[in-house]
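Engineer: Please take these sequences and the hints and turn them into a complete structure.
Residue strings, one per chain:
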Amino acid sequence: MWGVVKSVLAAFFGVQKERQRQHDFSEGKPVAFIMTGIVLAVALVIAILLVATLASR
Amino acid sequence: MRKTYVLAALITGLAGLERNALANGWNMPVGVTEVSRHVHGLHMTIFWICVVIGAVVFSVMFYSLFRYRRSKGAQAANFHEHTTVEIFWTAIPLLILVAMAIPATATLRHMYDASEADLEVMVTGHQWRWHYDYVGEDVGYFSNLTTPREQIDGTQAKDANYLLEVDQPLVLPVDRKVRLLMTSSDVIHSWWVPDLAVKKDAIPGFVNEAWTRIDEPGIYRGQCAELCGKDHGFMPVVVHAMAQDEFDAWLAERKQEAAAAASGVDRNWTLPELMERGEQVYGSICASCHQPEGQGLPPTFPALVGNQALLEDLEGHIDTVVNGVAGTPMPAFSGTLNAVDIAAVITFERNAWGNDTGDIIQPSTIQAQLSP
Amino acid sequence: MAPKLPLKARLEHSENVAGGTAVQDHDAHHSSGPLRWLLTTNHKEIGTLYLIFSLTMFLIGGAMALVIRLELFQPGLQLVRPEFFNQMTTMHGLIMVFGAVMPGFVGLANWMVPLQIGAPDMALPRLNNFSFWLLPVAFLLLLSTLLMPGGGPNFGWTFYAPLSTTYAPPSTTFFILAMHMAGISSILGAINIIATILNLRAPGMRLMDMTLFVWTWLITAFLLIAVMPVLAGVITMMLLDINFGTSFFNAAGGGDPVLFQHLFWFFGHPEVYIMILPAFGIISVIVPAFARKPLFGYASMVYATASIAILSFLVWAHHMFSVGLPLIAELFFMYTTMLIAVPTGVKVFNWIATLFRGSITFETPMLFALAFIVLFTIGGFSGLMLAIAPADFQYHDTYFVVAHFHYVLVPGAVFSIMAAVYYWLPKWTGHYPDECLGRWHFWLSVIGVNLLFFPMHFAGLAGMPRRIPDYALQFADFNMASSIGGFLFGFSQLLFVWVVIKCVRGGVTAPAKAWDGATDLEWSVPSPAPLHTFETPPDLRRVAG
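These protein sequence lines are chains Z, L and B, in that order.
Using the working numbering, the letters of the first sequence map in sequence onto residues 1 to 57.
Using the working numbering, the letters of the second sequence map in sequence onto residues 58 to 429.
Using the working numbering, the letters of the third sequence map in sequence onto residues 430 to 974.
It should be emphasised that the hints constitute simulated quantities derived from the structure, not laboratory data.
Careful, some of the hints might be misleading.
To be verified - Reference listing, derived: stretches of chain B covered by chain L, where coverage requires no fewer than 3 residues with Cβ under 8 Å from a Cβ of chain L:
| no. | stretch |
| --- | --- |
| 1 | 643-654 |
| 2 | 757-771 |
| 3 | 884-895 |
| 4 | 959-965 |
As the list claims (entries may be wrong) - With a straight-line cut-off of 20 Å between C-alpha atoms, the simulated SDA-like cross-links for lysine to any residue are:
| no. | chain 1 | residue 1 | chain 2 | residue 2 |
| --- | --- | --- | --- | --- |
| 5 | B | 942 | L | 133 |
| 6 | Z | 17 | B | 635 |
| 7 | L | 215 | B | 502 |
| 8 | L | 312 | L | 194 |
| 9 | Z | 17 | L | 145 |
| 10 | L | 129 | B | 945 |
| 11 | Z | 6 | L | 148 |
| 12 | L | 215 | B | 903 |
| 13 | Z | 17 | L | 137 |
| 14 | Z | 17 | L | 141 |
| 15 | L | 215 | B | 509 |
| 16 | Z | 29 | B | 792 |
| 17 | Z | 6 | L | 145 |
| 18 | L | 129 | B | 635 |
| 19 | Z | 6 | L | 151 |
| 20 | Z | 17 | L | 139 |
| 21 | L | 129 | B | 792 |
| 22 | Z | 17 | L | 303 |
| 23 | L | 234 | L | 92 |
| 24 | B | 942 | B | 694 |
| 25 | L | 215 | B | 790 |
| 26 | L | 215 | B | 902 |
| 27 | Z | 6 | L | 139 |
| 28 | L | 129 | B | 788 |
| 29 | L | 129 | B | 790 |
| 30 | Z | 6 | L | 142 |
| 31 | Z | 29 | B | 635 |
| 32 | Z | 17 | L | 149 |
| 33 | Z | 17 | L | 194 |
| 34 | L | 215 | B | 506 |
Claimed, not checked - Label pairs and their calculated CB-CB ranges:
| no. | chain 1 | residue 1 | chain 2 | residue 2 | range |
| --- | --- | --- | --- | --- | --- |
| 35 | B | 627 | Z | 9 | 23 to 33 Å |
| 36 | L | 266 | B | 869 | 53 to 63 Å |
| 37 | Z | 25 | L | 266 | 27 to 37 Å |
| 38 | B | 577 | L | 210 | 26 to 36 Å |
| 39 | L | 225 | B | 510 | 40 to 50 Å |
| 40 | L | 152 | B | 573 | 49 to 59 Å |
Quick caveat: nothing in here was measured; it's all calculated off a predicted structure.
Ideal Cβ placement from N, Cα and C applies to all residues, glycine included.
Structural biologist: Here it is, written out as structure tokens:
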């Protein structure tokens, strides 16, 4: 699970190791990555919204 | 040592270039408010960040292009990954942007704090002129472009403030916080004066808020920034900033004029009087759509000359001008023109260009409709 | 790029399957005569149709741009009236976005996606034919509005309500119909591309073996399916406001003009990426070919593209900083917009790292690709400046914005399409494009495009609003320079037309692998590519192991 999160975070950041990518694409299940991606995307939106809320106080 | 000199000379040169660009109108103006100076500072900071990043990136690129030409026998390496480098060049821009976001947030908060204003002005966008209303002062007027048609068409030399000159500018006191309330009577306009760093959309049905505090007396010019139809390019904004006592005197004078206009409502006006006044009003308000000779621009803007439906229906004509026509570009003038002006312009339209109906509409008739 | 597959094995192997030979018998049941192009379901022919359509629209939209530049050559109104000027700016934008750039990329996808994944054709050939033929109908209808009473659309390509509803010319209903058709065409095209990429890859080709061009198109196609229905929704609401008395955007009836802008830009910002992601893909294919070195950070490039696609849904209101959003929304959209600069920057760094220690030659496609990297980056910088909300109050709706998006769209998207055309012409026609003329076209275009758009930065900073037919005297020099650049750039494109025609008719014969550094699958089929290729898919499994 942590490995999937790490890979998705790497995708958000835009940098990934070739070896890890090979691993993800041969071993991982696409559904897990997509679900984690959606969850983390929502988390990102909430995080930015939180920062914006704090900054506008 | 020599390198340091070259670098110093380069920086001095670039700084000089920037000042020069400013003086020649190549750059964003520094402006005359605290906010505009902050905005200019942010603009120059992000600009120089981009210049530095660009210089580094393009240097590496052109070095590679020059150094690794096949014509010079370059052999291709085969690497295609380097995680450390990639993390490095992703993280650095991220940090630069976070650093940039902090002052930008501060300036934005400052811009959004329109509280405790000394003066409030309602700014209403119309196709294609601005209307200013001093809230609580009973003073309001249109601000129209005064550049003559001949200059636009090129039959007359253009003067220095070509397209940036109006009959009545917005007059504001210096060193006072002025809240500007923006709205529109038709389409979306945008009120913009670069020297004040104020640009806010004027949206029908909404009231937007902006504020400014001008440091130096002077005349500051801007334009409508949001496409608003045919004459979008011909509705300038001019702000005349003056000392508080001058401003007070000006406001008092405008109040007297408004009172004088109101007293004219009760007397009977003659046809030539109404025609003269009506021609002025028509020229500054109506002619941009219905055209100087009343021929209109069908199908959007109907003709007034020889318009039988209009000429046979006086009540309808008055209603159209006073209340506007919903679902069309025709606005209601009940809130922006006084009874004398409305009576005069209707009389003018019914008697000019061969529309010889002989109708005389008295301001008192209109007044009855304006104040039910 | 497929780092795992050694290039030699792939090409050798593909020669064994001999994609594109012994297919002549297929032409027997292929329509001939005038109906052939109308009824074709072949991805190469439809690709060609798309590209010809795109070029035609590019020239028509360009002619409109020249009308604009001619009027703006000097202060004062000389050539056209403001009413017509507004129709020209609107039509220029609509035609270039929906008629030239998008169909250009779809045409390239039609031609190259099947060839790059080893598929015999697109997955849905009849749908492919339909989605192309919607376009000429849509744009004929759109162009015909110029002749209708009251003229064509005159409210800018962003068609903000209520200028585009209550205050619009009567022809607006036809404009809405035309946009609906173009939108349907885009959605169908996108469905087809996704179906092709997900289902028709050669055996053994995994997603991460696909070229960047295929990858970026896959992501773009998802963006298209996500946002084109939003556009369809917003124009339908306009249609109801205009013809059926609703008040979605009419404040007098309780509607909200700002709602229009939110909906439009929720479509419009991903749309911007729809027009640039395939360009990233093209550049990521061309740069390695002429640097003779694998693409640096292939995985990162794919991930960055996905990042950009996701973030593109979170930044739309940065087009609306001056509409009076609450402070918290301004901050949110400023932060997300600044974030999106990061993956975009990563792409530029990756291209430059690909060049580093390569073995570089400068054929015409490479020249366009290199110009893309430099000039797109300049457009990216001005984009970063625009992201700073307080400064955006000064930039917004001025020529600074016009300069920004033309830098990313013309030397960005358009140059990438030209690079792609020069790169793949040998595959399409069997002849190399004339290198000398190509270089002339390149240098004239680069000089013209910069002379055209660079002074617009200064005009905007000095205070010139966009979409005005006449301007104050202090903007005169910038506009004169821009107009001269515009004519130089515009007329150089006739040279491009000539190069393409010349290449179709003859020239130096190109071998199957026309560029010695090119490694992708399309170079394994003969040049010109026969009508039918990869009828037996190349089996990449054995060499992949």
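Engineer: Take the hints in turn and mark each one as holding or not.
Structural biologist: So, going through the hints one by one against the coordinates:
{"no.": "1", "hint": "643-654", "in the structure": "violated (count 0)"}
{"no.": "2", "hint": "757-771", "in the structure": "holds (count 8)"}
{"no.": "3", "hint": "884-895", "in the structure": "holds (count 6)"}
{"no.": "4", "hint": "959-965", "in the structure": "violated (count 0)"}
{"no.": "5", "hint": "B:942 <-> L:133", "in the structure": "holds, 19 Å"}
{"no.": "6", "hint": "Z:17 <-> B:635", "in the structure": "holds, 17 Å"}
{"no.": "7", "hint": "L:215 <-> B:502", "in the structure": "holds, 15 Å"}
{"no.": "8", "hint": "L:312 <-> L:194", "in the structure": "holds, 8 Å"}
{"no.": "9", "hint": "Z:17 <-> L:145", "in the structure": "holds, 14 Å"}
{"no.": "10", "hint": "L:129 <-> B:945", "in the structure": "holds, 17 Å"}
{"no.": "11", "hint": "Z:6 <-> L:148", "in the structure": "holds, 17 Å"}
{"no.": "12", "hint": "L:215 <-> B:903", "in the structure": "holds, 12 Å"}
{"no.": "13", "hint": "Z:17 <-> L:137", "in the structure": "holds, 11 Å"}
{"no.": "14", "hint": "Z:17 <-> L:141", "in the structure": "holds, 10 Å"}
{"no.": "15", "hint": "L:215 <-> B:509", "in the structure": "holds, 19 Å"}
{"no.": "16", "hint": "Z:29 <-> B:792", "in the structure": "violated, 43 Å"}
{"no.": "17", "hint": "Z:6 <-> L:145", "in the structure": "holds, 18 Å"}
{"no.": "18", "hint": "L:129 <-> B:635", "in the structure": "violated, 38 Å"}
{"no.": "19", "hint": "Z:6 <-> L:151", "in the structure": "holds, 19 Å"}
{"no.": "20", "hint": "Z:17 <-> L:139", "in the structure": "holds, 8 Å"}
{"no.": "21", "hint": "L:129 <-> B:792", "in the structure": "holds, 16 Å"}
{"no.": "22", "hint": "Z:17 <-> L:303", "in the structure": "violated, 70 Å"}
{"no.": "23", "hint": "L:234 <-> L:92", "in the structure": "holds, 12 Å"}
{"no.": "24", "hint": "B:942 <-> B:694", "in the structure": "violated, 43 Å"}
{"no.": "25", "hint": "L:215 <-> B:790", "in the structure": "violated, 53 Å"}
{"no.": "26", "hint": "L:215 <-> B:902", "in the structure": "holds, 8 Å"}
{"no.": "27", "hint": "Z:6 <-> L:139", "in the structure": "holds, 18 Å"}
{"no.": "28", "hint": "L:129 <-> B:788", "in the structure": "holds, 9 Å"}
{"no.": "29", "hint": "L:129 <-> B:790", "in the structure": "holds, 10 Å"}
{"no.": "30", "hint": "Z:6 <-> L:142", "in the structure": "holds, 19 Å"}
{"no.": "31", "hint": "Z:29 <-> B:635", "in the structure": "holds, 14 Å"}
{"no.": "32", "hint": "Z:17 <-> L:149", "in the structure": "holds, 19 Å"}
{"no.": "33", "hint": "Z:17 <-> L:194", "in the structure": "violated, 69 Å"}
{"no.": "34", "hint": "L:215 <-> B:506", "in the structure": "holds, 12 Å"}
{"no.": "35", "hint": "B:627 <-> Z:9: 23 to 33 Å", "in the structure": "holds, 25 Å"}
{"no.": "36", "hint": "L:266 <-> B:869: 53 to 63 Å", "in the structure": "holds, 55 Å"}
{"no.": "37", "hint": "Z:25 <-> L:266: 27 to 37 Å", "in the structure": "violated, 53 Å"}
{"no.": "38", "hint": "B:577 <-> L:210: 26 to 36 Å", "in the structure": "holds, 27 Å"}
{"no.": "39", "hint": "L:225 <-> B:510: 40 to 50 Å", "in the structure": "violated, 27 Å"}
{"no.": "40", "hint": "L:152 <-> B:573: 49 to 59 Å", "in the structure": "holds, 54 Å"}
In the structure shown, a violation is registered for the earlier hints numbered 1, 4, 16, 18, 22, 24, 25, 33, 37 and 39, in ascending order.
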